[in-house]
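Can you make the complete structure from the sequences, with help from the hints?
Protein chains in written order, with our numbering: chain V, 10 to 404; chain S, 59 to 657.
Worth flagging that the hints you see were computed from the coordinates, not collected in a lab. From the three backbone atoms N, C-alpha and C, an ideal C-beta is built for every residue, glycine too. Fair warning: there could be bad hints in the mix.
Claimed, not checked - Derived DSS-like pairs: lysine-lysine, alpha-carbon spacing no greater than 27 Å straight-line: (1) 268/V x 613/S; (2) 613/S x 389/V; (3) 654/S x 641/S; (4) 630/S x 168/V; (5) 268/V x 197/V; (6) 389/V x 654/S; (7) 641/S x 232/V; (8) 389/V x 628/S; (9) 156/V x 232/V.
What the hints assert, rightly or not - If you want the ones that stay clear, here's a sample from chain V, every Cβ over 10 Å from chain S, calculated: (10) 151; (11) 178; (12) 201; (13) 217.
Unchecked claim - Computed footprint of chain S on chain V, listed as stretches where at least three residues anywhere in the stretch have a Cβ under 8 Å from a Cβ of chain S: (14) 242-254; (15) 285-291.
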Amino acid sequence: MPSPNWSRAVLPDDWQQGGFGLYLHWPFCQAKCPYCDFNSHVAQHIDQTRWLNAYLAEIDRYAAQTRGRILTSVFFGGGTPSLMDPDVVAAIIARIKSHWPTANDFEITLEANPTSVEAGRFSGYAQAGVSRVSMGIQSLNNRDLQKLGRRHTVEEAYKAFDIARNHFDRVSFDLIYARQDQTLPEWKRELTQALDLAIDHLSLYQLTIEQGTAFGDRYAIGKLRGLPADSLAADMYDATQDICGAAGLSAYEVSNHAKDGAESRHNLIYWRYGDFIGIGPGAHGRLTQNGIRYATDTVHNPAIWLAQAEEHGGELSRTAIDPVDQAGEYLMMGLRLSEGIDTDRYAALAGEGLDPQSLQHLQDIGMIEALGRRIQTTPKGRLLLNAVLETLLAG
Amino acid sequence: MTDLNKIRNFSIVAHIDHGKSTLADRLIQETGTVAGRDMKEQLLDSMDIERERGITIKANTVRIDYQADDGEKYVLNLIDTPGHVDFAYEVSRSMRAVEGSLLVVDSTQGVEAQTLANVYHAIDADHEIVPVLNKIDLPASDCDRVAEQIEDVIGIDATDAIQVSAKTGQGIHETLEAIVTHLPAPTGTLDAPLKAMLVDSWYDSYLGVIVLVRIMDGVLKKGDRIRMMQNGSIHHVDRIGVFRPQMEMITELGPGEIGFLTASIKQVRDTRVGDTITHEKKPCETPLEGFKPSQPVVFCGLFPVDSAEFEDLRDAIEKLALNDASFSHEMETSAALGFGFRCGFLGLLHLEVIRDRIEREYNIELITTAPSVIYHIYMRDGSMIELHNPADMPDLTHVDHLEEPRIKATILVPDEYLGDVLKLCQDRRGIQEDLTYAGSRAMVVYDLPLNEVVFDFYDRLKSVTKGYASFDYQMIGYRQDYLVKMSILVNDEPVDALSTMVHRDRAEMRGRAMVEKLKDLIPRHMFKIPIQAAIGGKVIARETLSAMRKDVTAKCYGGDMTRKKKLLEKQKAGKKKMRQFGKVDIPQEAFISALKLDN
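This is the structure in structure tokens:
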């Protein structure tokens, strides 16, 4: 008798419906921003050659496990990867291309800070093969940039943006809103200014106070004042949808807006629940091997990761994910996208479909829409995604 | 066996916090009954809840050997009784097993309502009473004033009142001497047929049911075959002993003595408190006058938060009922809460104690529904129904009228708070029966509906008098009034567990208060939720809980997946503490909190 899982085993690997990417984490910054809870460190001296060799060794190791796959995208994240020497970036990209065939719309993104020093390296990155930069502009207001602990000015950001525009096919930038003391008209104005730039992709994040950050510490003792109430934050979100939509950059994800075709291919892998290799300190991965999907992780400390990568590989652990949990992850990530999820794909992973009563209820109250095999969150539902997920996962 | 003349049996009467348990501890310590190293506070209170709340729930006994100043050795048997009104029945029956009482009054506070209620039990039992003024070490102590108050309010002579500090030990020796010299020795006939009073019984997991007895006549020996005169059952006595306060086995108990027996009895229900125990072969002629069995007066539903724990709850309730014949239970099904039990209690404290024990000792989280009393519903066809649960209210077209239980409440309060107390009683539909003064303290007597008292009356009384009022009550019977069932609808669906019986004139006020409270207690949902109070089909109060607007993680990329999933699982666990009604999650505490009135 075949096992009950037998029918699932003959399906094509689920990850293929989301693509296959490679994330590379550069853990260093010149300064730590008070809101940031990413794995970033400030170091005096960085031996870039040593880091390059460790990355290359990891790339070789993963390549051996994923032969024959077509690579959708590469993402240099951080930290501040625009502190990397362009030659290092070039060597990494060359090694990647030597291992995997790449997709027709292959994308290589590098996160960059909009300072003049970093903008000076943009042509080098472009020559190395980077096709897209994602710039951490964060605000178009110098007072707020200072509050956010950023080391650039608005004027510098504009210049860096122009330089980027000249070197890369695609440029995106991040803004943080729902900031301390920010009003709705102020944000509308700032967003409109941002959209006046020749831009095809924007990441617009509401400020989130995370534990273990400087803001988190201040918040815990009641010293972080002027944060907007949820109702104002919701109004700002609604205004963001309207303004960006009118400018042709509607939301394709909770916090991401793009012109048609300008979406981040790499980030879509996460949200479409594909496979991705995570290289570098603190990087996570999802990797399917012999029909089993694994979660991989790494140590956070840069020095320890470097030593481990040099010695025996930088992976800390590899844990098989139960198909039901995979379904949960797919749902959690997929409903962030305006395109939503494929209910058949969900059911194939979960072993059963989503609870029809919960779905009906969420439709009745305007949180989701069902279109054939797909379900999608409405803009209202996206802003309440945690509650939507809770309902679906509890069902 | 002890010579009758060398026995003194007594109890201690006191208001809560007046130092009864500390005094008992001191008496035990002073006589060397318990070695110093084994001393812990509130020796006689064995349940954690008793120690924590500083109250005594079950009667406890201790046998103390005392070498008196007259050179003779005496045996003193102390029965420590509960102080709270809910357990008045325990007090009254314990009193019947002893000949005297120490009346302990806090010399910084004076006589309180519970002191009064309990001292009357002692007087009813023909006790010799020795007044003891406690806490004389405190600067606020005023022995003259309090002694005068004892004479005025209670009407007993307090000129020889002993001045004691149970804390420092001052006056303890004098107290022991007064027990020996002022209290009478018990009477009884050694060679008469055995006649023993069943004072109390409880279940012990090693020994089975332990029966506390007071021997009136004759001798009870290990190995005897005994008969319970009321239910006729025969048992073989396998152990006899006394409490010091640990169990100490002996071979026999003679007239006037207090001790325990075990006889392989499986259930507390098989032993009827107040029953007379005699020998099978040579029985006594007339049994003792029995006690009135206690009746539950307050009812509520207990439901497991996790419906999978219903069987565990059944198990816990049955075990607790083994040891507490005054606590009743029957299975109940609620549309809202699933399977649970409708339980009857002697009062609110009793309810809280049982609930705490289930949660703590059996580790089951509970939803407690609104406490209710028993209403008498007179139907048009002339029949009468006892209503224990508002959800069971019959169709009004068949109802002729309703009667509700009333109580006589006695409240003692410093006169500066009198106005607030009168207002509170008036607000709770009270009828003033008496108002007298003793010094600067007023004693008010009110006729009140029990359903107005059952819920948070005592809390409110404490709060409006800053804790200075004391309160006691007794049931006085049923009276007709205009009562209606008020339903609560959440998101247009009735929540049966929130139904209450209210007086028609107060329904709007209560309804408004409840829907306002619920609006705060229910978390926001993805949609707006109407919360309504209704009588029949008529809505009398309404609030709307607005929808939540933002609940999303701004950033979620590959590295956030695992962390984010854990967060969702945590949220899901939090949701388990709520109950779903239609599409609305209601937190468990809402079922009780919604009823608390702030005015």
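Verification of the supplied hints:
Among the hinted pairs, residue 268/V with residue 613/S is consistent with the structure: their alpha-carbon atoms are about 20 Å apart, no more than 27 Å. The suggested pairing of residue 613/S with residue 389/V holds, with an alpha-carbon distance near 17 Å, which does not exceed 27 Å. Between residue 654/S and residue 641/S the CA atoms are separated by roughly 25 Å; this keeps the pair inside 27 Å, and the hint holds. Of the pairs offered as hints, the one joining residue 630/S and residue 168/V is violated, with about 47 Å between alpha carbons and a cut-off of 27 Å exceeded.
For the hint pairing residue 268/V with residue 197/V, the CA-to-CA distance comes to about 19 Å; that is within 27 Å, so the pair holds. For the suggested pair residue 389/V and residue 654/S, the alpha carbons sit about 36 Å apart, so the restraint of at most 27 Å is broken. A distance of roughly 38 Å separates the Cα atoms of residue 641/S and residue 232/V; the hinted pair therefore is violated under the 27 Å criterion. A hinted pair counts as satisfied when its Cα atoms are at most 27 Å apart, and residue 389/V with residue 628/S qualifies at roughly 23 Å.
Taken as a hint, the residue 156/V and residue 232/V pair is honoured in the structure, with Cα atoms around 13 Å apart against an allowance of 27 Å. At roughly 23 Å, the least C-beta separation between residue 151/V and chain S is larger than 10 Å, which holds for a residue marked as non-interface. For residue 178/V, the non-interface assignment is confirmed: its Cβ lies about 22 Å from the closest Cβ of chain S, beyond the 10 Å cut-off. Chain S leaves residue 201/V outside its interface by the beta-carbon criterion, the shortest separation being 21 Å against a cut-off of 10 Å.
Its beta-carbon lying about 5 Å from the closest one in chain S, residue 217/V breaks the requirement of being farther than 10 Å from that chain. Coverage of the stretch 242-254 of chain V by chain S holds [criterion: at least 3 residues with CB-CB distance below 8 Å; count 3]. Check result for the stretch 285-291 of chain V against chain S: holds, 3 residues qualifying (beta carbon to beta carbon below 8 Å, three or more required).
Going down the numbered hints, you'll see the structure goes against 4, 6, 7 and 13, while the others check out.
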